[in-house]
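Asks: Residues per chain are reported as follows:
Protein chains: 2
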Amino acid sequence: MFSCWLSRLCRGLSTPTGRVTHLIQGSLSRRLMLSSQRRIPELSSFVARTNTCGELRSSHLGQEVTLCGWIQYRRQNIFLVLRDFHGLVQVVIPQDESAASVKKILCEAPMESVVQVSGTVISRPPGQENPKMPTGEIEIKVKSAQLLNTCKKLPFEIKDFVKKTEALRLQYRYLDLRSFQMQYNLRLRSRMVMKMREYLCNLHGFVDIETPTLFKRTPGGAKEFVIPSREPGKFYCLPQSPQQFKQLLMVGGLDRYFQVARCYRDEGSRPDRQPEFTQIDIEMSFVDQIGIRSLIEGLLQYSWPSDKDPVVVPFPSMTFAEALASYGTDKPDTRFGMKIVDISDVFRNTKVGFLQDALSKPQGTVKAICISEGTEVLPVFPKANRNWNSPVAKSIMEEQRSELIRLMEIQEDGVVLLTAGEHRKACSVLGKLRLECADLLEARGLVLRDPALFSFLWVVDFPLFLPKEENPGELESAHHPFTAPHPSDIHLLHTEPKQVRSQHYDLVLNGNEIGGGSIRIHDAELQRYILATLLKEDVKLLSHLLQALDFGAPPHGGIALGLDRLICLVTGAPSIRDVIAFPKSFRGHDLMSNAPDSLPPEELKPYHIQVSWPADSEAERAH
Amino acid sequence: MFSCWLSRLCRGLSTPTGRVTHLIQGSLSRRLMLSSQRRIPELSSFVARTNTCGELRSSHLGQEVTLCGWIQYRRQNIFLVLRDFHGLVQVVIPQDESAASVKKILCEAPMESVVQVSGTVISRPPGQENPKMPTGEIEIKVKSAQLLNTCKKLPFEIKDFVKKTEALRLQYRYLDLRSFQMQYNLRLRSRMVMKMREYLCNLHGFVDIETPTLFKRTPGGAKEFVIPSREPGKFYCLPQSPQQFKQLLMVGGLDRYFQVARCYRDEGSRPDRQPEFTQIDIEMSFVDQIGIRSLIEGLLQYSWPSDKDPVVVPFPSMTFAEALASYGTDKPDTRFGMKIVDISDVFRNTKVGFLQDALSKPQGTVKAICISEGTEVLPVFPKANRNWNSPVAKSIMEEQRSELIRLMEIQEDGVVLLTAGEHRKACSVLGKLRLECADLLEARGLVLRDPALFSFLWVVDFPLFLPKEENPGELESAHHPFTAPHPSDIHLLHTEPKQVRSQHYDLVLNGNEIGGGSIRIHDAELQRYILATLLKEDVKLLSHLLQALDFGAPPHGGIALGLDRLICLVTGAPSIRDVIAFPKSFRGHDLMSNAPDSLPPEELKPYHIQVSWPADSEAERAH
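Going down the list, the protein sequences come from chains A and P.
Residue 1 is where the first sequence starts when you use the numbering used here, and the numbers rise one by one after that.
Residue 1001 is where the second sequence starts when you use the numbering used here, and the numbers rise one by one after that.
Bound-form chain A, shown alone (with noise of 0.2 Å):
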């Protein structure tokens, strides 16, 4: 169908994709500023510490204090330097025979046990401050001390230059938490989620409400994890979202729901996904797409973390077709350049019969993308060189070769990835073959992808049907059956359904997808003939959101976005894994409790299942 291969040339540097960088202004930005001056918590009240080990400075000299924490480590019986979640601190161990008992707590714990200290806060004697440490310009002079726990041998140190194997961490989690970087990452989701509730709550007058998770199966939801109730052959199923429920609270004049829902979704094993995952869940009435753009465009702006560089909007956006064309895919890492260019026009008279070939047939096409600096890191063909010699840039006539350089700024050192074929195939291909060159740019220590930078797009004017994998004959929801078609479009629906562009729209961070949405069909005849009609589905399941459509919806539409994906792009942790308290491996297991695991065959009888054994592990019980 497609094929493709490497031709040496010219260097040329990437263009980044334009960032918009202006700011809201006016009235709503001031405002959105001054609510995020938010107050210090307090972080002692109600329990027996005075202070936290991480927030003692020189300010605090001569103060009494009471502190609790973990005893990281201990220099020869003299020193000791306790933890908490806010750092740590510096004790002086008592060497004098009257504070004996306390010396002794202080030395014999083990590592990692746990002690309150009474003391008073001083400062190190010249030359033993500590600049590297946020509390190094002071100790603590213990009076008092109390074991409260003590801690047996540990599977690994508490320490985070320790590496240790991820499902070490996952069996010992709660080890595993204790680590700066466990602590930060939940500790940043839990700021960002309630700055994000302060903005929909309390600036915008959204209302939080809760939907059930015990619901019914979907159409065509399979990957749902089903519950069997105490009814002989009745099943609950756990929700992939709460989208049939936001839509109904639209009907029920809700007009702005919000939740942070937990969903479901039983794919099996993958990597980096989750069995259950949570969802900043939005929708309004009366809303179109530009409304929701800017409402989520807000939504970042103001719960973005301090510490990082701050969010511009509005952000760009982009149709599908030309995500596809430029890309090749629906997600564009737009950090960098390396665009797919369309070079058809260069090879129409081509003698090269691959090329022949490929143009010669429907929607077939010439692509291409150049990697700059690309000598320095793919393998080349050994014949290859500047001088065009490659084996097929031999037949390159000198024509197309100017052409080639003008169309696609090829400069030194440069390499061209080319493709012939179908268009969409094509530029899928060059769109992988792109992100795996800027990985392997960026092995070589070239910076493609501004770690600092995060890159915001909408990508819009989805189709709303795709051909079905199975059976092309027949349509599919490209993304749910409840998505409306573009306006422009609605003609098509009878006649050229394919053709329909939709109203969903997906946002698109560092080139992964962090949420999508789009305005929902709200007329019940048109949702009636797209479920029954065109995608041919047992419309008896939906009969209460259809019956709903007709008692007075309103126009609606909304957006979810994906909390876990959002919050481990934002810490820059390696998985989704490092933002979740408590994941499952990719196998689906708690490592840690060992779910799911055996029942007693009795706990199954109220619910009228029984387990049907393969044959083969039926064969391995009988050992």
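FYI, nobody ran anything at the bench for these hints, they're computed from the structure.
Don't be surprised by glycine CBs; every beta carbon is placed ideally from N, CA and C.
Now the in silico label distances, taken between C-beta atoms and shown as ranges: (1) P:Gly1268 with A:Ala532: 29 to 39 Å; (2) P:Leu1147 with A:Ala532: 17 to 27 Å; (3) P:Pro1131 with A:Ala452: 55 to 65 Å; (4) P:Asp1450 with A:Ser306: 45 to 55 Å; (5) P:Asp1439 with A:Glu602: 36 to 46 Å; (6) A:Glu64 with P:Lys1308: 36 to 46 Å; (7) P:Glu1322 with A:Ser101: 37 to 47 Å; (8) A:Glu64 with P:Ser1488: 28 to 38 Å; (9) P:Gly1572 with A:Lys153: 52 to 62 Å; (10) P:Gln1610 with A:Ala532: 26 to 36 Å; (11) A:Lys425 with P:Ser1269: 51 to 61 Å.
For chain A, the structure is supplied; the task is to place chain P on it using the hints.
Replies: Same frame as chain A, now just chain P:
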């Protein structure tokens, strides 16, 4: 075991329970007040309207506005009342020829259709103002109108005065949600939870952490829904609370955790319970009972709706033993008196046979309550009268009568209900009668329980263990096996475990348990002893928690507030179903969507389960 009867005596007044009325003084209080002065949210940002229907006043006169809403009613094709979530507004239908199309739209749309109108805010003509309507001084002179959706004939009218059965309301929940009461309940719930979050996160540094709902069964965890996994015979369970996870978070050094947590309990059909419910779940390290209680008092005070009387702190507290003795329950309604009085001493030398009998047994007592104005409501023995000549009172000697009048403050028209029997059972019976009598008196128009009064109470010092119902020789946890014993009673654990009090505390509001928690066991040895030796539980299921306690677990404690019940009490709703957007019926059905539902057998295959059809339903299916 015991008996009770009525005796007609003299009239008296119930003494209301003392109510502590001082507010927290000083800086904390002022700070709480300040931060509760919130900005009014923008309710029309990002959408097609300029204003909500309910917000328009004389101050908007002359403004050009666009409104979106539902047609509430129409008068003689001249006026139309438009409704949105915020209120009602009167729209004047234009009568001149040039606006014929606008008139047509507004006059022909059925009730509850959705329209958008644009026009000018004008004063109502003098004399036509409606002082009962917040927008009653103005009306909208319409220039343009758009029909956004028509409404078919409704199953019931969207008017609060139209009564409908609860089954119908649940079937058309999206219509019921348009009622004033449901909008009020859900919006109050959202606001109150938001303020709780502000208090916990922003004022006190709590971390909002999501814990898994795909977990494994817990010891004694019948009532847990099961979810088959793709591994044959392996099941997840939906947890009844995040108890284990929150304790593990403390071991993980998170220090202050909270979550608005979805919990699951499969209790079959029970009135006013839901298979999924929500709790405000809290855990802290280095805290004691008083710390948790102060935190919760502050939380409720801070989040309390401003349209209710403010919450007064600290809440009174009472031991479990006192609650039982005075109110016959562990959740006393302290809004009124009628306390239980022990009158055993009055009858030490009685000749009445069944009283003698009761008092001769261990724990034998005679107890009574006095119902003031009880003669109004109680079906007193026809022969009983104020001369003490009821069947039993006749046998009571003059001395005993005077002593009873003194002890119980009996006044004219009072009725005494007397019980003889074992302490706990006698109290329990009188406790129930006390509440039933209060209902009877209130049905007759007496106000015993001020509907504006919120009477909070801590109940403390519960027993740690109870005898198992099915086998009283064995022990079970009164609450759960992680509850710490009372420090004064630890020495009894090895000798008289039944006598050990716990560090559990319940929060009671107007006779309803709205929360409970405890200081937890943080010592692994003690936890193992209680689980394995005293409770004889399968320790393997909890090995991860026991191991965690070995690795430096801090002392910790927490609480969970039942959010649905709390909001139900605050709003005065008749059922928790009225504060949940999409509740299940008492049989656990979603009457709107028809969950739980049948599943095609192929959807059970990946989970290696099959339905065990009971014999009779097998027969039914064959038909």
